[in-house]
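**Q** Can you make the complete structure from the sequences, with help from the hints?
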Amino acid sequence: MFFDLSFYNGKRVFVTGHTGFKGSWLCKILSDAGANVTGYSLVPQTNPSLFELAGIEKIVHSFIGDISDFESLKSIFDEAQPEIVFHLAAQPIVRDSYKAPLYTYQTNVMGTVNILDCVRKIDCVKSFLNVTTDKVYLNREWEWGYREDEMLDGFDPYSNSKSCSELVTHCYKNSFFSDDKVAISTARAGNVIGGGDFSNDRIIPDCVRAAMNRQKIVVRNPYSTRPYQHILEPLFAYLMIAAKQYEDCSYAGWYNVGPDDCDCFQTGALVDLFVKHWGEGLNWINQHDGGPHEASFLKLDCSKIKSKFGWRPRWDLDTAVEKTVEWTKYWLMDGDVSKCMETQIRHFIEQR
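Sequence positions in the sequence shown follow numbering that gives the first Met the number 0 and run 0 to 351.
In short, the hints are calculated from the structure, not lab data.
Bear in mind the structure is a predicted one, so any value in this text is a computation, not a measurement.
For every residue, glycine included, the Cβ atom is placed at its ideal position computed from N, Cα and C.
Careful: at least some of the hints might be erroneous.
Simulated restraints, written as ranges between beta carbons of each label pair [as the list claims (entries may be wrong)]:
(1) D247 <-> L166: 18 to 28 Å
(2) D333 <-> S249: 13 to 23 Å
(3) D300 <-> K275: 22 to 32 Å
(4) D152 <-> K307: 23 to 33 Å
Using 20 Å as the maximum straight-line C-alpha spacing, the simulated DMTMM-like pairs for lysine to aspartate or glutamate come out as follows [as the list claims (entries may be wrong)]:
(5) K307 <-> D259
(6) K298 <-> E82
(7) K120 <-> D68
**A** Structural data, given as structure tokens:
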């Protein structure tokens, strides 16, 4: 199933975390589809940032604020009167969560409480989607994919706080939205790659920085396995879930969103693809830096979203890396990255 984006034409949509990597791509898709988008987030956390490069501030109603500040959030939320809410605001980096666990929990747990309480205290919202992560599961390092009914218990502060965010969402759904007037879902996505990610401690941004500086790529954990996917894969899944449950509450639930098994790659193999598409003699080295614990094997079972919606991934990992390199080189040549995004979105939609 591939739903028609025209559903969002004229819809009032609220996006938390709109200045981030995922948020910027999501706002671009929604704005181009004709949605009236309001974003609430901290200032971009990277320099450069996709939010600024793509001119997202010019196409949405952008408000800078902390998701932990309930009064500020509620003021903007009430003014926007949204019909659909995408909750993406988060402290998203595992390593940073070890450095700042209090801030991570404040943002990822209380931020979720705050946005859901905004929804609770207003009558206009019909569809709410909390975007979490594949890392919410108790990781047993087994070789088959986790299903939505597996135990939630992330190991590190980031993963655990997102597990808590899931539980908060479940609680609010049961306690305040059991009448189905608001459809509530969460989406647990795998690792995303794509043009415009400048985050620290992520493998593709690390590859880009090394390539720009003509250095070898340093890979900390080349044998760790992750469900990598292009950013447009989960974003279109989020848009589909939010739209379908807006029209029919029976679609509300908890969904894994990840690639097929063939695209669950070891990190070293992913870097090999990047090196292939980048060219220019780029290569990489294995150099573990003794950092904190991260899971070595993680895979999702996405049969639920496939059976419920007829959803399927569109781009394999090779294509995902190719599109990431394409965007990055376009940016380095001072190209119009917003136009590049439009082209890639169109190609994604047209893929059969």
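**Q** For D300 and K275, compare the CB-CB distance with the range 22 to 32 Å and indicate the outcome.
**A** holds (29 Å)
**Q** When you check the alpha-carbon spacing of K120 and D68, does it fall within 20 Å?
**A** holds (16 Å)
**Q** Regarding D333 and S249, is the given constraint of 13 to 23 Å on their beta-carbon distance met?
**A** violated (48 Å)
**Q** Is the distance from the Cβ of D152 to the Cβ of K307 consistent with 23 to 33 Å?
**A** holds (25 Å)
**Q** So does D247 sit 18 to 28 Å from L166, Cβ to Cβ?
**A** Between D247 and L166, where Cβ atoms are some 25 Å apart, the hint holds.
**Q** Verify the proposed pairing of K298 with E82, using a straight-line Cα cut of 20 Å.
**A** Measuring from Cα to Cα gives roughly 33 Å; hence the hint is violated.
**Q** Holds or violated: K307 with D259, Cα cutoff 20 Å?
**A** holds (16 Å)
Hints 2, 6 from the list above are not met by this structure, while the remaining hints are.
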